Amino acid sequence: MPSTLALTSLSRHFGETCAVDSVSLSIETGQFVGVIGRSGAGKSTLLRLINRLVDPSSGIISFEGRDITALKGKALREWRRDCAMIFQQFNLVERLDVLTNVLIGRIADHGFFSSMAMHFSDEERAMAIQALDRFGLVPQALQRAGTLSGGQQQRVAIAKALVQNPKIMLADEPIASLDPMNATLVMDGLKSINKDDGITVLVNLHTLDTARAYCDRIVAMRDGQIFFDGIAAQLTDDVVRDIYGIAGLESFNEAVTSTQKFAVSI
Amino acid sequence: MSISDEDIRAAKDRIPLAFRDPPAVLWRKRLLWLAFITLFAWTIYDFDITPERIWTGLGRLGRVLSFMFPPYIWKSWAEIAEILNGLGETLAMAFLGTVLGAIVAYPLSFLGAKNINRLSFFRHGIRRSYDIIRAFETLILALIFIRAFGLGPLPGVLAIAVSEVGTFAKLFSEALENTSEKPVDGVRSSGGSRMQQIRFAISPQVNPVILSILLYNFESNVRSGTILGIVGAGGIGFLLSDRISAYRWNEAWSIIFLIIAMVYVIDWLSGLIRARLIGKSEGAR
Ligand SMILES: Nc1ncnc2c1ncn2[C@@H]1O[C@H](COP(=O)(O)OP(=O)(O)O)[C@@H](O)[C@H]1O
Ligand SMILES: [Mg+2]
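Quick note, the sequences are listed as chains A and B, same order. Just so we're aligned: the first sequence equals residues 1 to 266 in my numbering. Just so we're aligned: the second sequence equals residues 1001 to 1285 in my numbering.
Next comes chain A alone, as it looks inside the complex (with noise of 0.2 angstroms):
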């Protein structure tokens, strides 16, 4: 299988905290990838550093042979369209119509008076409708965001992403503000959009048994580095333990948020 993501001992420090410590990692197209690890352990700046919404420290990013570390302007952008980007906040503009954020996965290609004034083709219009469509929000679409439910918004975030005709989808935490139910529906958005579509999926996510339903393979990590790596077997309880302590591991298993369950039940 080729190797398309490869991350090549990246770092990135904040001050005093290395929160991602010499990182590698290689992904290969359409995986399904999920991340684990408690609170502060890096998957979001891992997440981040990949989009480059945070410069990295040290170390390589490279997609398909290419650095993207040294990428500047335009190429920069153009990489981040490529990567598209979900998070748990969704970070929709709330004030805008559902239409017009889905719109925005498109401006990467746009010009400056176009974008002022927010003017998009018919075209674009209408594969945003259809992106929509693929979550059943087309009746929503010229509703303020902002009016949504969480579950929602977060979809609208996907169909955003997904305009931007992306090769990998970045999703840091995208359930971790949803119900069960919402859950459910984002997780299988993104599994179709694995499955369908082809795009390789890097997700984050604070719930173990979501990572062992959906994932082909799970990374863990633990202060910044990498600490497990392999399929949901492998997980066994003793590397649950390791990432995320031993006092965390009874109330972990109480505490998630179960989309398995769900998913089994619908």
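Keep in mind that the hints were calculated from the coordinates and are not lab data. Because the structure is a prediction, the values reported are computed rather than measured. Heads up, some of the hints might be wrong.
Rough simulated footprint, nothing fancy, chain A against chain B, three-plus residues with beta-carbon under 8 angstroms [said to hold, decoys possible]: (1) 1159 to 1168; (2) 1182 to 1190.
Pairs of lysine-lysine, DSS-like flavour, derived with a Cα cap of 30 angstroms [unchecked claim]: (3) A/LYS74 <-> B/LYS1114; (4) A/LYS167 <-> B/LYS1182; (5) A/LYS195 <-> A/LYS167; (6) B/LYS1182 <-> A/LYS191; (7) A/LYS72 <-> A/LYS167; (8) A/LYS74 <-> B/LYS1012; (9) B/LYS1182 <-> B/LYS1170; (10) B/LYS1114 <-> B/LYS1170; (11) A/LYS72 <-> B/LYS1075; (12) A/LYS191 <-> A/LYS167; (13) B/LYS1182 <-> B/LYS1114; (14) A/LYS167 <-> A/LYS74; (15) B/LYS1012 <-> A/LYS72; (16) B/LYS1012 <-> B/LYS1029.
All residues carry an ideal CB built from backbone N, CA and C; glycine is no exception.
Assemble chain B with the ligands onto chain A, guided by the hints.
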């Protein structure tokens, strides 16, 4: 629970300050009161405010007020047209001054917002310049501009515009600083340039606030527009001061009532518009 003298003494021993201020604090309080009363009494004495003067003033005030009745009604179309023209001119001055001020203030406000202009010394310089502009009262600006541009609405419009540049720039930058960074991240992660981040993520957050500020200040500029007229900068105020200096108080009162009615209607209308704008995505674009 009963408290004996013994208990009181014991409590006083434990926390004396709970019962009486320490002498230093006590004296400071007395001195401050003394200073306050002296200042108050001295200003009254110095301005020679006596019950007698108040009394005779009230008598004359009654005479001035009596000119309200019967209310003066303009009869010929020429008279009515002159008054309507004055009211219209005041509204137009407020409108033009507000719009011109906002056009200049809008770009300036971005330079003064912490989340947009990250060069702190430059930003602080810009902010100080807003304060300097705001230190000039509109009325003083009008007097200066009347000297330069002559009597009429032009100096009034300029006075409103210039003083609003400072106010608007300050208020707009505060609105910009109160925006959430999350949508900015969302736009940036899709490949948006800095300009696109501002256009798509920040301006939708501030535009409704800015529109609301504009309407509110338009209202207050209609009020200050009448004052500017009194010193010679056109509009209804000009007619008012003309009638007063000609001792035509009955007509002056009718003009004053019209001004009050106009300000009230503008208040009500803009309140209505503001309520409609909040919560509508059209206002955000
Ligand atoms: N912008 C930042 N400034 C300073 N410290 C940060 C910043 N972002 C993350 N960190 C620190 O880096 C570490 C990893 O954070 P993060 O990547 O958010 O972890 P996770 O997503 O796994 O909870 C934490 O100690 C956090 O405090
Ligand atoms: Mg995180």
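Going through the hints against the structure:
1. 1159 to 1168: violated (count 0)
2. 1182 to 1190: holds (count 8)
3. A/LYS74 <-> B/LYS1114: With Cα atoms ~25 angstroms apart, A/LYS74 and B/LYS1114 stay inside 30 angstroms; holds.
4. A/LYS167 <-> B/LYS1182: holds (23 angstroms)
5. A/LYS195 <-> A/LYS167: holds (13 angstroms)
6. B/LYS1182 <-> A/LYS191: Judged against 30 angstroms, a Cα distance of about 25 angstroms means the pair holds.
7. A/LYS72 <-> A/LYS167: holds (19 angstroms)
8. A/LYS74 <-> B/LYS1012: violated (76 angstroms)
9. B/LYS1182 <-> B/LYS1170: holds (23 angstroms)
10. B/LYS1114 <-> B/LYS1170: holds (12 angstroms)
11. A/LYS72 <-> B/LYS1075: It is violated: about 74 angstroms lies between the C-alpha atoms, which goes past 30 angstroms.
12. A/LYS191 <-> A/LYS167: Roughly 14 angstroms separates the two Cα atoms, so the pair holds.
13. B/LYS1182 <-> B/LYS1114: Given pair B/LYS1182, B/LYS1114 holds - Cα atoms ~16 angstroms apart, limit 30 angstroms.
14. A/LYS167 <-> A/LYS74: Measuring from Cα to Cα gives roughly 17 angstroms; hence the hint holds.
15. B/LYS1012 <-> A/LYS72: With a Cα-Cα distance of about 73 angstroms, the restraint between B/LYS1012 and A/LYS72 is violated, given a limit of 30 angstroms.
16. B/LYS1012 <-> B/LYS1029: holds (22 angstroms)
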